[in-house]
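Given the coordinates of chain W, work out where chain E should sit on it, guided by the hints.
Protein chains: 2
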Amino acid sequence: MTPTPPSERTRVRRYNWLARYDRDTIVAILDAIPHCHIGYVADGQPLVTPTLHWREGDQLYWHGSAASRMIRAIEGAEVCLTVSAIDGLVMARSAFNFNVNHRSVMVFGRPSKVTDPAAKEAHLRTMVNRLIPGQWERLRPMKPNELEATTVMSMPFDEASAKVRVGPPEDDETDYAFPVWAGVIPIRTEVLAPEPDPRNLPGVEMPAEALAFRP
Amino acid sequence: MTPTPPSERTRVRRYNWLARYDRDTIVAILDAIPHCHIGYVADGQPLVTPTLHWREGDQLYWHGSAASRMIRAIEGAEVCLTVSAIDGLVMARSAFNFNVNHRSVMVFGRPSKVTDPAAKEAHLRTMVNRLIPGQWERLRPMKPNELEATTVMSMPFDEASAKVRVGPPEDDETDYAFPVWAGVIPIRTEVLAPEPDPRNLPGVEMPAEALAFRP
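Just so you know, the protein sequences line up as chains W and E, in that order. Mind the numbering: the first sequence is residues 1 to 215 in the numbering used here, read in order. Mind the numbering: the second sequence is residues 1001 to 1215 in the numbering used here, read in order.
Next up, chain W with everything else stripped away, as it sits in the complex:
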């Protein structure tokens, strides 16, 4: 994909050699890390709300209660949606070069509500089935009042930047002669065995897809 040139606000300043603006990198991070932090301003006050997002094509989606402070504040307003994960502790030879391996994406935009009920339900179905394929069809069907109480927000990610750091420490050249151990301690997300609800009906079977779940 052709890299999108950064805008004034997405241009990465710090560690700018780690910056990526190509859609493939941005999509890979947005899809791999479903946990985002949405920054917005309410009454002049910055707020950061963690939530789960998902992507469909060129749009990001997330949902919330129709009555939530975040949902009410962000419609049509500027938000900054940041996704980040730490992949390792980079133990350099100096404190100054200590670092973390990480992936992050920062998206700027103005979210809008999905107003059509059928479209909203289709997006929620996509969210559930991305987590556990086929699960939407196994669940107790959604009720109209539940659909009404749920807001789905959507935002393009055409104004976005990514930062990726991988690999060993990058020390000052003279520091490689300093006798201290250096390296990386990798960190990753681990998924454990599913824990059945004690109130499961006798005979209900865990869907095989639950065993394959990766966030």
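Just so you know, not all the hints are guaranteed correct.
Stated by the list, open to error - If the Cβ cut is set under 8 Å, some of the chain W residues that face chain E in the computed set are:
id, residue
1, A19
2, A28
3, Y40
4, V41
5, P50
6, S65
7, M142
8, E146
9, V164
10, P168
11, A182
12, I185
13, P215
Hints are computed from structural coordinates only; laboratory data are not their basis. All residues carry an ideal CB built from backbone N, CA and C; glycine is no exception.
Using the frame of chain W, we list chain E on its own:
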């Protein structure tokens, strides 16, 4: 500890039965999850920057380049520092009751710079030694220009709220008769074996503390 009564902006609205305002809960989350997202406003635009924080007593600290956009924008300004981790996917019997087990803390405040160079160095030492005990003393000593290029920010967390969800799904009472598997898929952070830098000097030994590293 006595719970601090929530302020108008820390009072949790959504899922408010998950809210906690006691210092022990807040401290436990701030200490267990070193990865935070700092929300601030620059030229009317919300920005969310991921970084690492650490706690000393009643103050939170983080550091950055003295020249960074975030560091320049936040001194004395309102910020919202949010820490959050997802601990599991809660597979309920309806899409509406799907959830995530999670821990989060939201802190409001106005950060200030640590200006005294000796204090700044002491805080950086604490940061490094919290990650890997004793590592500061093993590293190539910090240079005055490095200390100058590093800004340490500090902020109290006396205006904070936490949210914690644990345990099995909470379904509508009538849904417990619906024949679908329900349960929790736990998620956690895994630390892998340290990867030595290929440029390590022969004979340098990995500190035992690196093996005990937990974020």
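Status of the hints after comparison with the structure:
1. Violation of the interface hint for W:A19 is found here, the shortest Cβ-Cβ separation to chain E being roughly 13 Å, above the 8 Å cut-off.
2. Because the beta carbon of W:A28 sits about 17 Å from the nearest beta carbon in chain E, more than 8 Å, this interface hint is broken.
3. At a threshold of 8 Å, the smallest CB-CB gap from W:Y40 to chain E is about 5 Å, leaving the interface hint in force.
4. The interface hint given for W:V41 holds, since its Cβ lies 5 Å from the closest Cβ of chain E, which is under the 8 Å cut-off.
5. Hint status for W:P50: holds, given a least beta-carbon distance of 4 Å to chain E, under 8 Å.
6. Hint on W:S65 holds. Least Cβ distance to chain E is approximately 6 Å, under the 8 Å limit.
7. A distance limit of 8 Å between C-beta atoms decides the matter here; for W:M142 the minimum to chain E is near 5 Å, and the interface restraint holds.
8. Proximity of W:E146 to chain E holds as hinted, the smallest CB-CB distance being about 4 Å (cut-off 8 Å).
9. Restraint check, W:V164 versus chain E: the minimum CB separation of about 13 Å is more than 8 Å; hint violated.
10. At its closest, the beta carbon of W:P168 sits 5 Å from a beta carbon of chain E; the interface hint therefore holds under the 8 Å criterion.
11. A cut of 8 Å between beta carbons decides the hint on W:A182: the least distance to chain E is about 4 Å, and the hint holds.
12. For the restraint placing W:I185 at the interface with chain E, the shortest Cβ-Cβ distance is roughly 5 Å, inside the 8 Å limit, so the hint holds.
13. Because the closest C-beta pair between W:P215 and chain E is about 6 Å apart, less than 8 Å, the hint holds.
Checked against the numbered hints given earlier, the structure breaks hints 1, 2, 9 and satisfies all the rest.
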